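What follows is the residue order along each chain.
Protein chains: 2
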Amino acid sequence: MSLDFGPAVALSCRECGARYDLGPSFACLECFGPLEAAYSFNGVTRKDIESGPANIWRYRSLLPVPVDVATKPNMNPGWTKLVKAGNLGRALGIKSLYVKDDSGNPTHSFKDRVVAIAVEAARNFGFHTLSCSSTGNLAGAVTAAAARAGLDACVFIPAGLEQAKIAMARVFGGKLVAIDGSYDEVNRFCSELIGDPLGDKWGFVNVNLRPYYAEGSKTLAYEIAEQLGWRLPEQIIIPVASGSQLTKIDKGFKELVALGLVEDTPYKIFAAQANGCSPVSTAYKAGLDVVQPVKPDTIAKSLAIGNPADGPYVLDIARRTGGAVEDVTDPEIVAAIKLLASTEGIFAETAGGVTVGVLKKLVETGQLDPEAETVVLNTGDGLKTLDAVADDAEPTAVIRPSLDAFRAAV
Amino acid sequence: MSLDFGPAVALSCRECGARYDLGPSFACLECFGPLEAAYSFNGVTRKDIESGPANIWRYRSLLPVPVDVATKPNMNPGWTKLVKAGNLGRALGIKSLYVKDDSGNPTHSFKDRVVAIAVEAARNFGFHTLSCSSTGNLAGAVTAAAARAGLDACVFIPAGLEQAKIAMARVFGGKLVAIDGSYDEVNRFCSELIGDPLGDKWGFVNVNLRPYYAEGSKTLAYEIAEQLGWRLPEQIIIPVASGSQLTKIDKGFKELVALGLVEDTPYKIFAAQANGCSPVSTAYKAGLDVVQPVKPDTIAKSLAIGNPADGPYVLDIARRTGGAVEDVTDPEIVAAIKLLASTEGIFAETAGGVTVGVLKKLVETGQLDPEAETVVLNTGDGLKTLDAVADDAEPTAVIRPSLDAFRAAV
Numbered sequence: 403m404s405l406d407f408g409p410a411v412a413l414s415c416r417e418c419g420a421r422y423d424l425g426p427s428f429a430c431l432e433c434f435g436p437l438e439a440a441y442s443f444n445g446v447t448r449k450d451i452e453s454g455p456a457n458i459w460r461y462r463s464l465l466p467v468p469v470d471v472a473t474k475p476n477m478n479p480g481w482t483k484l485v486k487a488g489n490l491g492r493a494l495g496i497k498s499l500y501v502k503d504d505s506g507n508p509t510h511s512f513k514d515r516v517v518a519i520a521v522e523a524a525r526n527f528g529f530h531t532l533s534c535s536s537t538g539n540l541a542g543a544v545t546a547a548a549a550r551a552g553l554d555a556c557v558f559i560p561a562g563l564e565q566a567k568i569a570m571a572r573v574f575g576g577k578l579v580a581i582d583g584s585y586d587e588v589n590r591f592c593s594e595l596i597g598d599p600l601g602d603k604w605g606f607v608n609v610n611l612r613p614y615y616a617e618g619s620k621t622l623a624y625e626i627a628e629q630l631g632w633r634l635p636e637q638i639i640i641p642v643a644s645g646s647q648l649t650k651i652d653k654g655f656k657e658l659v660a661l662g663l664v665e666d667t668p669y670k671i672f673a674a675q676a677n678g679c680s681p682v683s684t685a686y687k688a689g690l691d692v693v694q695p696v697k698p699d700t701i702a703k704s705l706a707i708g709n710p711a712d713g714p715y716v717l718d719i720a721r722r723t724g725g726a727v728e729d730v731t732d733p734e735i736v737a738a739i740k741l742l743a744s745t746e747g748i749f750a751e752t753a754g755g756v757t758v759g760v761l762k763k764l765v766e767t768g769q770l771d772p773e774a775e776t777v778v779l780n781t782g783d784g785l786k787t788l789d790a791v792a793d794d795a796e797p798t799a800v801i802r803p804s805l806d807a808f809r810a811a812v
Numbered sequence: 403m404s405l406d407f408g409p410a411v412a413l414s415c416r417e418c419g420a421r422y423d424l425g426p427s428f429a430c431l432e433c434f435g436p437l438e439a440a441y442s443f444n445g446v447t448r449k450d451i452e453s454g455p456a457n458i459w460r461y462r463s464l465l466p467v468p469v470d471v472a473t474k475p476n477m478n479p480g481w482t483k484l485v486k487a488g489n490l491g492r493a494l495g496i497k498s499l500y501v502k503d504d505s506g507n508p509t510h511s512f513k514d515r516v517v518a519i520a521v522e523a524a525r526n527f528g529f530h531t532l533s534c535s536s537t538g539n540l541a542g543a544v545t546a547a548a549a550r551a552g553l554d555a556c557v558f559i560p561a562g563l564e565q566a567k568i569a570m571a572r573v574f575g576g577k578l579v580a581i582d583g584s585y586d587e588v589n590r591f592c593s594e595l596i597g598d599p600l601g602d603k604w605g606f607v608n609v610n611l612r613p614y615y616a617e618g619s620k621t622l623a624y625e626i627a628e629q630l631g632w633r634l635p636e637q638i639i640i641p642v643a644s645g646s647q648l649t650k651i652d653k654g655f656k657e658l659v660a661l662g663l664v665e666d667t668p669y670k671i672f673a674a675q676a677n678g679c680s681p682v683s684t685a686y687k688a689g690l691d692v693v694q695p696v697k698p699d700t701i702a703k704s705l706a707i708g709n710p711a712d713g714p715y716v717l718d719i720a721r722r723t724g725g726a727v728e729d730v731t732d733p734e735i736v737a738a739i740k741l742l743a744s745t746e747g748i749f750a751e752t753a754g755g756v757t758v759g760v761l762k763k764l765v766e767t768g769q770l771d772p773e774a775e776t777v778v779l780n781t782g783d784g785l786k787t788l789d790a791v792a793d794d795a796e797p798t799a800v801i802r803p804s805l806d807a808f809r810a811a812v
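Chain order of the listed sequences is A and B.
The first sequence begins at 403 in the numbering used here and counts up one residue at a time.
The second sequence begins at 403 in the numbering used here and counts up one residue at a time.
Quick caveat, the hints were computed from the structure, so don't treat them as lab data.
It is possible that some hints are incorrect.
When chains are identical, the list treats them as one kind, so a pair holds in a single copy or across two.
[What the hints assert, rightly or not] Taking lysine-lysine and the DSSO-like style, the derived pairs with C-alpha atoms no more than 27 Å apart in a straight line are:
| # | residue 1 | residue 2 |
| --- | --- | --- |
| 1 | Lys-577 | Lys-486 |
| 2 | Lys-474 | Lys-486 |
| 3 | Lys-474 | Lys-497 |
| 4 | Lys-486 | Lys-653 |
| 5 | Lys-763 | Lys-603 |
| 6 | Lys-603 | Lys-577 |
| 7 | Lys-687 | Lys-653 |
| 8 | Lys-497 | Lys-656 |
| 9 | Lys-449 | Lys-656 |
| 10 | Lys-697 | Lys-449 |
Model, not experiment: these values are computed from the prediction.
Assemble the whole structure, with the sequences as input and the hints as a guide.
Below, the structure is given as structure tokens:
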């Protein structure tokens with residue numbers, strides 16, 4: 403098998419640094435630490451990037467993908483809008499605020515970014531089936547990408563997800579299996595399946611393809627920096643489910659500095675969780691380095707991972723950069739969804755309510771500098787979590803078609 | 403009041419050619435024909451366009467907007483993906499097929515394009531409230547754009563629309579009034595309201611701002627041509643509600659030819675309707691020039707306009723270009739949504755089911771040349787019309803987290 407992962411040359415353990423050949427492996431044989439892609443970058447310039455396509459493949463020379471990746475059938479995610487959020491900024495008292503709005507991706511969540519990289523890995527390894535454990539968004543992203551790429555799909559979710567996420571995962575034609583249990587149980591089940599003959603030639607995007615998959619989140623860092631005019635933001639608010647996205651945005655910023663693509667200016671990373679699933683926030687506030695698993699109970703189902711694999715790294719990054727970890731309640735999440743919608747015309751899913759709600763709380767508690775340039779992430783779409791705003795999902799008035807009736811109603 | 407509509411210099415009657423100053427008017431005082439923007443274009447080049455932003459403002463020199471339009475708060479719609487649909491093409495026996503996927507717009511329908519132009523007109527005329535009659539998608543696009551632009555919003559829909567469309571129109575904070583009647587009654591009510599003091603300083607995007615608003619659909623033509631490498635497609639399938647979008651895509655193609663931006667190659671325009679609201683298709687098949695209004699009854703609610711204002715122009719364009727007008731039943735719409743999703747990973751709303759269903763029917767009946775390059779439009783998002791696929795909105799299986807249970811289930 404001849405592998406082509408572009409600039410990625412090996413897998414390396416994030417804990418002990420042990421290196422391995424590129425393959426469908428994800429845990430260090432020495433210390434059981436997570437493996438991630440290691441690169442040998444070759445003269446990446448702003449000009450090369452700027453002349454690339456309006457999707458994540460403009461950064462292909464920074465990702466574990468072959469140089470011709472854009473020519474293969476895939477979803478071409480990314481290059482979503484960085485919205486100058488003047489109205490929201492005024493409402494919160496923040497001088498310069500942007501929303502990075504990943505609801506503009508093909509299946510309307512940031513997951514399209516990571517899945518697109520995983521599809522390339524699946525092709526490299528000759529896998530015929532794309533799979534995952536998912537809190538909902540990933541299931542849709544995987545089944546859509548598999549349809550486009552001509553792969554089979556079989557994805558796993560906890561029972562009880564939002565109808566929109568189930569319908570979306572089903573419509574693309576793959577198998578959707580609900581597990582009677584939490585996301586963490588779904589995830590454990592997938593690890594078992596990888597070891598079973600049933601799972602042979604299956605690429606679980608967030609398990610055995612995770613070292614490739616996770617790199618897709620770096621593109622959020624690249625895009626934000628490029629869209630700001632090739633500089634790093636001073637403050638950024640990122641939601642935390644497994645914590646992978648946050649660690650990869652940090653990695654992306656550091657790579658841009660190391661490659662001389664942006665100036666080395668300080669940035670603070672803030673992590674946002676829902677109060678009903680806030681193991682990392684709890685550890686942060688208690689001053690701990692370890693994260694105690696919890697049983698999730700929140701409307702922010704896409705963030706409902708009670709045992710976040712990258713929790714300790716999130717703690718480390720928030721502390722090292724001078725950021726913080728904060729959480730908000732379900733009512734605060736709903737209020738934040740409505741605030742973002744009514745000020746900026748962006749309809750976020752509950753995860754976006756978490757980041758905007760946490761942003762508000764950080765300002766109010768003095769943890770965030772309102773004078774510093776700030777980016778807040780919206781990672782998904784309100785149409786997938788309609789229940790959160792269901793109390794307002796009726797018309798203001800229902801009237802006969804007459805001016806008198808309208809006058810009486812308003 | 404000093405008006406700035408960029409290259410647009412007047413309004414002209416599509417029927418008799420009478421010209422009027424730019425203003426919030428929409429019907430000819432001579433013959434009651436519809437008014438549309440008339441331009442004086444000034445040396446537009448491919449290079450200028452290509453150096454513009456990745457949204458509709460790259461075509462600002464072809465639209466009724468000021469040159470600094472991109473600097474004002476707006477939704478920046480457009481530059482959506484033109485997806486090379488190899489899988490769908492193979493399934494239908496079409497050699498070269500593309501899907502222009504407008505579900506990638508900010509509120510996930512093509513309506514963001516037209517509303518963005520209307521917002522500029524509202525600013526020009528000093529209107530404080532943005533309004534519309536809507537079958538659903540437009541209501542969300544208007545309320546979102548008003549929130550971003552800092553305008554008030556009050557929008558009108560027929561009662562009984564999909565929950566997702568109602569929730570989306572409400573979340574942005576505007577007033578949403580449901581009228582107990584059909585879309586055509588809603589539309590008539592809005593015309594009354596314009597004449598009433600209540601509606602003073604209100605911009606009804608698709609009534610008194612219609613000559614500006616409608617021009618936004620030209621950007622679909624520009625984008626398709628540019629994304630094909632500056633050439634016109636040979637065949638294009640466009641959904642018909644009022645018919646405005648189809649006439650403006652034709653206008654856009656003709657402008658590109660007149661300005662020398664593309665070669666003057668022939669193109670055929672095919673119009674697609676739902677069988678349950680097919681007044682234009684019925685007229686076409688009967689060889690008539692006039693369109694008899696109908697009472698809509700179809701799951702394709704976004705196309706449910708029983709008295710389409712631009713129906714006669716659609717007939718004319720389909721016949722002149724050598725295209726056709728065709729319709730499909732509700733079950734064919736659902737089947738087409740699933741076909742598009744499972745082949746290309748694109749989840750279309752019912753209107754996209756109509757165009758893909760009609761495409762299939764046109765091939766099967768020999769009305770469309772499967773050897774000619776073809777573009778089919780998806781104008782909206784499946785998440786807004788979930789009921790269409792509700793029969794499949796359950797997991798394939800629900801199991802305990804064990805390999806045995808999984809083996810038994812698959």
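Quick rundown of the hints versus the structure:
no. : hint                 : result
1   : Lys-577 with Lys-486 : between (40 Å within a copy, 25 Å between copies)
2   : Lys-474 with Lys-486 : between (33 Å within a copy, 10 Å between copies)
3   : Lys-474 with Lys-497 : between (42 Å within a copy, 18 Å between copies)
4   : Lys-486 with Lys-653 : within (24 Å within a copy, 33 Å between copies)
5   : Lys-763 with Lys-603 : neither (46 Å within a copy, 38 Å between copies)
6   : Lys-603 with Lys-577 : within (16 Å within a copy, 53 Å between copies)
7   : Lys-687 with Lys-653 : within (24 Å within a copy, 61 Å between copies)
8   : Lys-497 with Lys-656 : within (25 Å within a copy, 46 Å between copies)
9   : Lys-449 with Lys-656 : within (19 Å within a copy, 35 Å between copies)
10  : Lys-697 with Lys-449 : neither (47 Å within a copy, 56 Å between copies)
In this structure, the earlier hints numbered 5 and 10 are contradicted, and the remaining ones agree with it.
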